[in-house]
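Chemist: Each chain, written out:
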Amino acid sequence: MKEQTINLYEALEKLPLEKIGEGVPLKVYDNFNNLIWENKLGESEKLKVFPITTNNGIPLASIRTRDSHKGLIRKIIIKEISRFVKEETQEAREDEVALFYSDLENLTFNKTYLNTSFKDKNVDSDITDILHALRKYYPYEGCNIYISNERNDLEEFVEITSEGEKKKGDYWEFPLKEVSAISFNTQTIYHSMNAPKDPYFAREIGSIKRCPIKNFIVIPLTIFESKQGSLTFYNEGFLREKEKFKASWHFKNLIHLISYKLFLKKRGVEVLKKRNEKKISDRFTGPKNTNYQKIKKNIKSMVYPQERSIIAMYGGIHNFFEGGKNIQKKTMSSLLQFHNSNISKIVSSFGGLIQQFNGEHFLAFWNLYEDLEGYDKLASRAAINLIHLAHDHIHLHFKSYGYQNFHFSLGLVKEKINVDCVELKGEKIPIIYENTIDTTKQIFEEAPKFTAYFHEKIINELVKNDLPPMRKLFNVKLKGDAQGARIFSFKI
Amino acid sequence: MSSDDGFSISLKENYIKIHLGYFIPDIKIPLALYLPFKGKVIEVVKAGTPGSLDFFKRMKSNGIYYVYVKKTDQSVWDNWKKVRHPEIEGFKDFSEGPANKIKSNIAIYKARAFEKVRIVPSLYKDPESYLEEVDKKYHKVLSESQLIWFFNETWSESHFLFSAKLSLFFFLFLEEVRSELMIYDEMSILTFSLVHNLVSQGMINDFKGKPEDSTIYYVGKKDIVLDNEIKNLFQLHKQFSEMKRETNFKFDPSMPKGYQVFSLLRDFIEIFDRSKIDIQKRQEGSFQLVGREKRYEVSLIGHLERVLKKVKLLP
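Chains E and R, in that order, are what the protein sequence lines are.
Residue numbering for the first sequence follows the working numbering, starting at 1 and increasing by one per position.
Residue numbering for the second sequence follows the working numbering, starting at 1001 and increasing by one per position.
Don't read these hints as lab results, they were simulated from the structure.
Check the hints yourself; a few may be wrong.
[Unchecked claim] In silico lysine-lysine, BS3-like type, Cα no more than 27 Å apart, as pairs: (1) Lys244/E - Lys1081/R; (2) Lys86/E - Lys1092/R; (3) Lys1221/R - Lys177/E; (4) Lys168/E - Lys1231/R; (5) Lys244/E - Lys1101/R.
[Stated by the list, open to error] Chain E residues, not near chain R, derived (Cβ > 12 Å throughout): (6) Val24; (7) Asn185; (8) His361.
These numbers come from a predicted model, not from an experiment.
Note that CB positions come from ideal geometry on N, CA and C, so glycine has one too.
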């Protein structure tokens, strides 16, 4: 806590002395006997000088007034001075807010979000960072967090003391679950100013011999109406004697950050899934829907051989099996299903047709079985949206399950081809003779190992004048495999 | 009226003033933020975008701690504020809420207990100082940290009264025959006697289970953390309650002594409360009924008989 100097002269000068001295003869002096204020009443009276002191006897001011009024005026002036001091202190604390915000830069959600894996140690280290930051503004000897588990119990999560960070199972300086439970159970902040004589916890406090506990503050960690645990500060050093703890804005914000991180640790995967399922795929869907029934009819009635301009798209996830080697097969299968259904949804919404899914890869065509106006424009839009989807959603989603070293890419080729067919049991099966598919596949294979990538050149060639020029928005700074990934967008 | 005043009035009418402390840099703000500037109100942060760190620093360096949001966005603001800053639940002070409720509930609880369980003064040397001592010790039991949640809730009258009766009777029983019982988990079993069967005012209509499950239902619903020893006693109670429903069940000396005493006293009070026997003979009649079941060890029944001579229960 910053040292606070109060200018007593200024304090006295600002007092509403006119109001205080209404109808009463009064002269107010500071502690060096400088006259600060006077009214001209009672000049003929014999007045006395009375000192105004703190409870400890420190002189603050003196007043010259009637004997009968000294008590009341003294009381009023002391009350006003306390109010002034309180306000000044408050302002001093506000000054610290700016400094505090600069620390927040390292504590926000982005850090975890971009490298999302809610179950790994990122969340833990974020919380430790926040606790260290808190220590800077709210010095404490020790602090710990107990979190609730599935058995409806509180368990040790982390403790910070001068010896550093301690996890569950380490030797804790303040292993007092009972103290954490009070906040957890009542959802209130409990401040014990004199811990050894606390009405509820004196016995527990007495059991800690190594680090005598003088005081403690325990705060519930709750977010979205879900109880996460409790945070306790032992032997705080930021309050004055007998000062009651009051959570400030920035304190509350940090507490919320901790609660939110704990929430993500427990339910991050679930939340992300829920949120994404509902909204994200809708953001990338196009204006048109492929009618599969109509295409079936078209295939039957099509004249073969036929020359057509088409677009082939080959895409999917690279390194799917190696990247998920530590993941259960069941999870892998559900993730693949998630990936395929999203791809299918987007391709169809741009008038494309998924010809086949080859494991984690897919092949799609535009303008193959039906005449589609602006098919190249639709296909390139679909490609861009798929890349956005892969970057914003699929990558994050997979990583949250612990997937590693995987990436997503697409190849697109526009070509004139000959479509013929073979008849099998009276059914016409279309055949493409050119090597379009191979070329597309090659582009896909060659794509660099970025999170999300597509052939800028090809898209540019494809769209030419059909689309507004593409604009590189920004290079996203990503870590690890994702480094250098680029996101593109259109000027609309 | 000056134009400045007019501007302030329209600002007040159309906007709500909020402290910047509500926001964290880089975290999305769901609604646009405005500031008055040269007689106009300008948008400083767009809805759905985060305020950058620079923005907060700039505000601070200009001495601006408050921003404005449109009154039309009030519902969005209220919802967001409720989620991000649930002061009512999250930052309420213990001393302003539960502290007084707990104190007053302990006082009510004690009053009920001493009203229904009384000692026979003629059998004590100095009954007043004995009662004073009992009151002190009993108060200490009730002030245990693990009972704070219990006194922070409003329970159904009948369950509250039964708990008060049982716990004080249990306490007096232990005072009388402690040396002969050797109960190693005395504090836990006493605490358990207080909380073993509770129905809060809020769950009277919701809870339809067996009596022994009522507290666990409440604890689960409210995410209350209990001490492990108490949790184990709940499990034990559930098992024994099932077994007791079979008429032939008898307690074995190897079964936990503390729980046996609790069960005996609980059965006794339950019979006593249900009994229609004349009040003068009810205590004796209930005792005989408990003894007739032959469910408990003879020595325990003997202890109960001894204590019942010195302690009187009222319905």
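Chemist: Please go over all the hints and tell whether each is borne out by the structure.
Modeler: Results of checking the hints against the structure:
| no. | hint | in the structure |
| --- | --- | --- |
| 1 | Lys244/E - Lys1081/R | holds, 25 Å |
| 2 | Lys86/E - Lys1092/R | holds, 22 Å |
| 3 | Lys1221/R - Lys177/E | holds, 21 Å |
| 4 | Lys168/E - Lys1231/R | holds, 22 Å |
| 5 | Lys244/E - Lys1101/R | holds, 20 Å |
| 6 | Val24 | holds, 36 Å |
| 7 | Asn185 | violated, 4 Å |
| 8 | His361 | holds, 35 Å |
In summary, the one numbered hint that this structure violates is 7.
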